[in-house]
Structures are given as structure tokens and as C-alpha cells.
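Undergrad: Letter by letter, the chains look like this.
2 protein chains.
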Amino acid sequence: MDIEAINLLSYEDFVSTFGNVVERCPIITAAVWSKRPYPSVAALEAAINDFIEALPESGKEGILRCHPDLAGKDLQSGTLTPESREEQGQAGLDRMDASEVSRMTRLNSEYKERFGFPFVVCARMNNKTTIVEQLRDRLRNTHAQERARAIEEVKKICHLRLRGLVLSNQKNKL
Amino acid sequence: MDIEAINLLSYEDFVSTFGNVVERCPIITAAVWSKRPYPSVAALEAAINDFIEALPESGKEGILRCHPDLAGKDLQSGTLTPESREEQGQAGLDRMDASEVSRMTRLNSEYKERFGFPFVVCARMNNKTTIVEQLRDRLRNTHAQERARAIEEVKKICHLRLRGLVLSNQKNKL
Numbered sequence: 001m002d003i004e005a006i007n008l009l010s011y012e013d014f015v016s017t018f019g020n021v022v023e024r025c026p027i028i029t030a031a032v033w034s035k036r037p038y039p040s041v042a043a044l045e046a047a048i049n050d051f052i053e054a055l056p057e058s059g060k061e062g063i064l065r066c067h068p069d070l071a072g073k074d075l076q077s078g079t080l081t082p083e084s085r086e087e088q089g090q091a092g093l094d095r096m097d098a099s100e101v102s103r104m105t106r107l108n109s110e111y112k113e114r115f116g117f118p119f120v121v122c123a124r125m126n127n128k129t130t131i132v133e134q135l136r137d138r139l140r141n142t143h144a145q146e147r148a149r150a151i152e153e154v155k156k157i158c159h160l161r162l163r164g165l166v167l168s169n170q171k172n173k174l
Numbered sequence: 001m002d003i004e005a006i007n008l009l010s011y012e013d014f015v016s017t018f019g020n021v022v023e024r025c026p027i028i029t030a031a032v033w034s035k036r037p038y039p040s041v042a043a044l045e046a047a048i049n050d051f052i053e054a055l056p057e058s059g060k061e062g063i064l065r066c067h068p069d070l071a072g073k074d075l076q077s078g079t080l081t082p083e084s085r086e087e088q089g090q091a092g093l094d095r096m097d098a099s100e101v102s103r104m105t106r107l108n109s110e111y112k113e114r115f116g117f118p119f120v121v122c123a124r125m126n127n128k129t130t131i132v133e134q135l136r137d138r139l140r141n142t143h144a145q146e147r148a149r150a151i152e153e154v155k156k157i158c159h160l161r162l163r164g165l166v167l168s169n170q171k172n173k174l
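Protein sequence lines correspond, in order, to chains A and B. Be aware that the first sequence starts at 1, since it is given in my numbering, and climbs by one per residue. Be aware that the second sequence starts at 1, since it is given in my numbering, and climbs by one per residue.
Just so you know, the hints here were simulated from the structure itself, not pulled from any lab data. All clues stand as given, with none of them false.
Pairs count within a copy or across copies, as identical chains cannot be separated in the list.
Okay, derived cross-link-like pairs now, SDA-like style, lysine to any residue, Cα gap no bigger than 20 Å in a straight line: (1) 35 x 146; (2) 35 x 54; (3) 35 x 142; (4) 35 x 52; (5) 155 x 90; (6) 73 x 106; (7) 112 x 11; (8) 35 x 57; (9) 73 x 13; (10) 35 x 115; (11) 112 x 19; (12) 73 x 17; (13) 112 x 133; (14) 112 x 14; (15) 35 x 112; (16) 35 x 145; (17) 35 x 16.
Next comes chain A alone, as it looks inside the complex (with noise of 0.2 Å):
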């Protein structure tokens, strides 16, 4: 699908497409409708860092609230959203030890204490190692930084998951 093609679409196929590209906040892709036609999926891209820029600080904490835990509830009980589980999957987070598990709940509790929201990362630019030494940095940050830096993990979600939409929408060629 390239970027001619999206500017044509309704606002409805426009959501249903790309409507979880930020979790569980189809208000933004839905936003961001308004504002076409985009020059490129770059800009539209672009286009949804800003909305979630102008958020007050509330509404960023806000996205954050809406994504799961790493390796938690929702992964165990089948309902984390299909880009969530493939994600979680592909950092091996579906294939961990019970000992894995438990230091994962714990930790993921101890932010969710600290901060008020679910540590989020980019779980496909990452491994189970690597979110664990990542989870343990970040608990000694100050809530504006944490904030500001699990936004930034916001937004490379968002990139890897447009982009990944925009091929296989091209390859099956709707």
C-alpha cells in the first residue's frame, strides 16, 4: 500500500488498518485522518509523534496505561492484542522459566510502583536479556525521564508496526 493509496482510504478502513499502531489508542490513527493527504508514510508518521507530543503529560502517561505487562497476564491468558503477542514472542517472552517469569512479575511490578504505568519497550528490537537489564536501568530514572523515554519506545512500536502494515497491505495487494 503506498502513501497514494492510504490518502484515499475512508476513515474507517483508515482506523481498521492502522488503528493499533499506537496500543489500544485508535484516537490518534484516528486523529491524524483529519490531516491528510500525507506527502509520504514518513510524514504521516510524523504526524502521529506530534499529536502524541501535544498530549499533556497526562495524556502520555495515559498511552502508556493502555499497554500490557512484558510477559504477564495478558500474554499468559491469550488476550494481549495479535501485534502485542507477535511482538512478545519474537523477544522470546512467550518461551521463558518459571524463574524467568517470576523475576519478570516482580520487576514489572516494581515499576508499575514506581512510575504509575507498565515499563513499555520496543520488545522487537530486543531480547528477554536485554529487557531485563533495560527494566532494571530504567527503575533508577526519574519519573519526567522514564516518562519521556518509554514514549520514545512508543515510537519505535509505532515505526516497526506502520511499516510492517504499509508492506504486507502492498504485498497482498489491498
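Position chain B against the provided structure of chain A, taking the given hints into account.
TA: For chain B alone, kept in the frame of chain A given last:
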């Protein structure tokens, strides 16, 4: 559930209880958790409304685009959120004959073509006759008038969903 109990909820329980007071926009509920404690349920509702009002116009349109059509394909196919299903049912939209469904579909299409978002109305304060009347009336608004009008309906829906959840969780002692 009184406001003291609401203020004590983790963000996860807060979002899982109140995440759909604005249709398919859990980010809004998740954002206002940052500003707890609230002195009253009315203050919580005001924080939601303030968050909505502070969004850029594209963000308000984004909220509207997360709403289903009234008596549309999500009602027919059973893919409405539970809240929308109940509301559309109460307004009698699930008991329309073929000619009523066809008229509603035509008016919805005309509205979406004109404004670029779906017709949103507080179904619980209406019935299928007044909904069709309002659809016809509001088609005459300018784009900016209608966006503001539709956001007022989002707030009415939010008000009733929030009050309903607070009351039902009181009854169930959750």
C-alpha cells in the same frame, strides 16, 4: 463504589472499570488517573471533559471516529462494545424493520460523507424517531458546529456510563 474507593484503584483496575466511558478511548480514562485523588465522581467526570476539551480539533474528531454507526454494521454483526449494544438496544435500534434500517444507513452515509466522522448521539436519551430527526437536523450544521455538537453528545454518553458503573459497582460491592 464511592469516590474514596475509586481513588484507591490501581491504574489497571481503574482502566478496566472505567476504560470505555468514552467509547474505545481508554487513553482518556488512563490519563485522568494521573490526577487522582478526586473529591467526587463529578470532579472525575469534569477531568474527563477537560481532557477532551484540551485536545486539538483533530483529536476530538479522533474520538468521534472511534464510535460505531448507529444501527450500523457493528450492531448487525454483534461487534459493538457491550456499552454501545445496550444503549442502541434501549433506543430501539436493534428492533427496526428493513425500511427503517435502510433509511438510517442512508442518513449515516450522508453524514459521514459530509463530516468525516460518524453521527454520535446519546442513544439512551433518545429513541429511533428522535435519532432520525436529529440526524436530519444536524446534517445542516457547519463542520465546526457539528464537531462541537457531537462532542457534547460524547460527554452525555460518558456521564451516563460513569454514573451507571459507579452505581452498579456499589450494588455489587466491588
